[in-house]
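Based on the provided sequences and hints, a complete structural model is requested.
Chains A and B supply the protein sequences, listed in that same order.
Counting along the first sequence from 1, when you hit position 60 you're at 46 in our numbering, and nothing is skipped either side.
Counting along the second sequence from 1, when you hit position 108 you're at 90 in our numbering, and nothing is skipped either side.
These aren't lab readings, by the way, just hints derived from the structure by calculation.
The C-beta atom is built at its ideal place from N, Cα and C for all residues, glycine as well.
Be aware that a few hints might be false.
So the derived label-pair ranges between C-beta atoms look like this [to be verified]:
id : chain 1 : residue 1 : chain 2 : residue 2 : range
1  : A       : Gln98     : B       : Asn132    : 33 to 43 Å
2  : B       : Thr337    : A       : Asp(-2)   : 37 to 47 Å
3  : A       : Leu17     : B       : Leu184    : 35 to 45 Å
4  : A       : Arg71     : B       : Lys167    : 23 to 33 Å
5  : A       : Gln98     : B       : Glu409    : 38 to 48 Å
6  : A       : Glu91     : B       : Glu409    : 54 to 64 Å
Derived list of chain A stretches under chain B, where covered just means 3 residues or more per stretch with a C-beta under 8 Å from a C-beta of chain B [as the list claims (entries may be wrong)]:
id : stretch
7  : 13 to 19
8  : 40 to 50
Think about it this way: if two alpha-carbon atoms lie no more than 30 Å apart in a straight line, the pair counts; the simulated BS3-like pairs of lysine-lysine are [as the list claims (entries may be wrong)]:
id : chain 1 : residue 1 : chain 2 : residue 2
9  : B       : Lys209    : B       : Lys286
10 : B       : Lys(-8)   : B       : Lys130
11 : A       : Lys79     : B       : Lys286
12 : A       : Lys90     : B       : Lys167
13 : B       : Lys130    : B       : Lys209
14 : B       : Lys11     : B       : Lys(-8)
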Amino acid sequence: MTLDDFYDGLGDLRIMRRHISSTDAIRRFVLMIREDEHFDRLEDAMDAGDVETAFQCAHTIKGMCQNLCLYNVTEVVIPVVEALRTGDITLAKQSFETFEETYKELLWRLDQLDG
Amino acid sequence: MDERYQNFPKDLFYQIINNTQECHFWKDKNRRFIGVNQAFLNFYGFESEDVLLGKTDEEMGWHPDPDGYRIAEERVLEGEDTYMVPGRCVVRGEVHEIYASKHPIYDEQGEIVGLYGSFIDATDEMRLARQVNQLNLDLEHALVEARKSNKILGNFLSRASHEIRTPLHAIIGLSEIGLRSNNPKIALDYMEKIASSGHYLLNIINDILDINKIESGNMIQNPTPTKLGALFQEVEDIVLPLMSQKQLAYITEVDDIGHCYVNVDKKRLTEVLLNLFGNAIKYTPEGGEIRFVCRRSELSDGVKGLYFAVIDTGCGISQEFIERIFEPFEQEQGNEVNVVSGTGLGLTISKNYVTLMGGDLLVESTPGLGSTFYFTIPVDYSTTREIEDIEESMRIANDAPAKLMNLHVLYVEDNVINRDIGCMMLEEVGMRVDACSDGVEALDCIQNSAPFEYDVILMDVQMPRMNGLECSRRIRQLEREDAATVPIIALTADVSDSTYVKAIQAGMNNCITKPIDIGQLYEVIRNSLNE
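If you want it as structure tokens, here you go:
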């Protein structure tokens, strides 16, 4: 999978290239997402009802995706972040399903990108 | 006396007549009262019949139409009987409506010696009857209106669905062409046009809501600095494919204003132009021509404005229809366009939008030759300052990398991906970057550095161990020369009012969002250093 294919439907590679000119660097950064633990920690925190930890993890994922111009992923994590910001874990879980689907697509594409 | 009444008092009939609820009276041949019953006295509020004995109705003054009353009684005195004749009388200053019956009185020789009459007060009944009649009329009127509204609604729904199909066809057509293209750039271009058509479709739905808002007087405009060239491009992205489907020639006569920013309600101006173009395309046959004009202009009071016109070589509009063309749901029948398309609301809404923007949408047309829809709106060229600000920002963004070169920055971010990306972005513009993973490390780094070692600190807000807000507070409390002055910029995934306030309260200078925008970063650092 090319980097263009990876970004297709997940974000905007053109804008990312304005921030970082090196395609190799961009590729390296997105592949680092696979090592990031915040998604798993978010899931665990929501299962445990730990709103504060869940919020910090969701917020970090949001920032990470924004930094990588993965706007479509940012868009689906925002409802989770905002629900956790107000302490509404029930609403956060509802929004989490959509986010989870997109994030898993992201992880799948990362495997294809690395291949 | 009849034997039947042997055991009855002589004043039997008098008792009967005085106990009935109807008003009774009797008069002589000269129409003078010779007696009335108790009900009659009660009706008029008299204590005794002495008030009227020997007097005529004219002398009593209680009939609104005394001549008509007199003539009718004279006929009775000639032998005519009358039954339940409607009439009016005045009682204590109020008009009452009555039903009266009158009969001649005969003596034993058969000569008419007077008349006898009775009447009932039907004022309340007549008032109720009138109210019922009025209600019936109102109901009938409401029913007619409801049927009319139903018909309008039915027409509207059928037309609305057709209007929605037009941009859908554009979307489907562009998608099919895009899918067949092997060139990603062309495919991307088509995707952008599809997105534009999608927005246009959404706007149709919003039209329906807007017409309600307009009619209820709740519509307000929202002017913002708008680049005219970009606005025209957005319109053309939607309408040019539709024009090319009908092989319509497109000519523009636009002043050199594409680069200008003007203060205008962009959304509404775009909708007006799309509506005018849409109509021009619909009503211009294949091979025809559509011309778009936009010129600097002045309104009658010397205020600067922009003149817009959409001119077509279509079927034109009859003079009769022009007079109602801007009314809701009006569409001309019998022209060469066999399919009557559109909601019938577009021109109504457009006219209202143009009026809201301070102009007036007008039309000139010749059947068989074409139409010109045109308007002039005042534009606020006092946005010169805003235009300068916008252009200044753009210059800053272009110059920023050179000006940031060699600045020494402390970059504090806990997430390793964000930290690496941020460092690379900053190093790419020539900044020297030291990175820390949380507030504890950052504080340690500052304390171990020389005063003014760092030109700026970029600090993430949400971090473990010590967050950016706490770290900033502690830096400001350090006893060193640069503690109060070193710019600390918050880096955050969202810049809400509350985040900004918290950052400022913690001693930070400003906030920027991720990803780092170099132009914005330069501007924020410049402002911080100026402070």
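Hint check results:
In this structure, Gln98(A) and Asn132(B) break the distance hint of 33 to 43 Å, their C-beta atoms being roughly 57 Å apart. At about 39 Å, the beta-carbon gap between Thr337(B) and Asp(-2)(A) stays in the expected band of 37 to 47 Å. At roughly 37 Å, the beta carbons of Leu17(A) and Leu184(B) sit within the given window of 35 to 45 Å. At about 40 Å, the beta-carbon gap between Arg71(A) and Lys167(B) misses the expected band of 23 to 33 Å.
A hinted range of 38 to 48 Å is violated for the C-beta pair Gln98(A) and Glu409(B), which are about 30 Å apart. Between Glu91(A) and Glu409(B), the C-beta spacing of about 32 Å breaks the proposed range 54 to 64 Å. Here the stretch 13 to 19 of chain A counts 3 residues with a CB under 8 Å from a CB of chain B, which clears the bar of 3, and the coverage holds. Three residues within the 8 Å Cβ limit are the bar, and the stretch 40 to 50 of chain A against chain B gives 6, so the coverage statement holds.
Under the criterion of a C-alpha separation no larger than 30 Å, the hint pairing Lys209(B) with Lys286(B) is consistent with the structure, at around 17 Å. As the CA atoms of Lys(-8)(B) and Lys130(B) are separated by approximately 70 Å, the hinted pair breaks the 30 Å bound. This hinted pair does not check out: Lys79(A) and Lys286(B) have alpha carbons roughly 55 Å apart, beyond 30 Å. Of the supplied pair hints, the one linking Lys90(A) and Lys167(B) holds, its CA atoms being roughly 28 Å apart against a limit of 30 Å.
For the suggested pair Lys130(B) and Lys209(B), the alpha carbons sit about 44 Å apart, so the restraint of at most 30 Å is broken. A threshold of 30 Å between alpha carbons decides the hint, and for Lys11(B) with Lys(-8)(B) the separation of about 25 Å falls inside it, so the pair holds.
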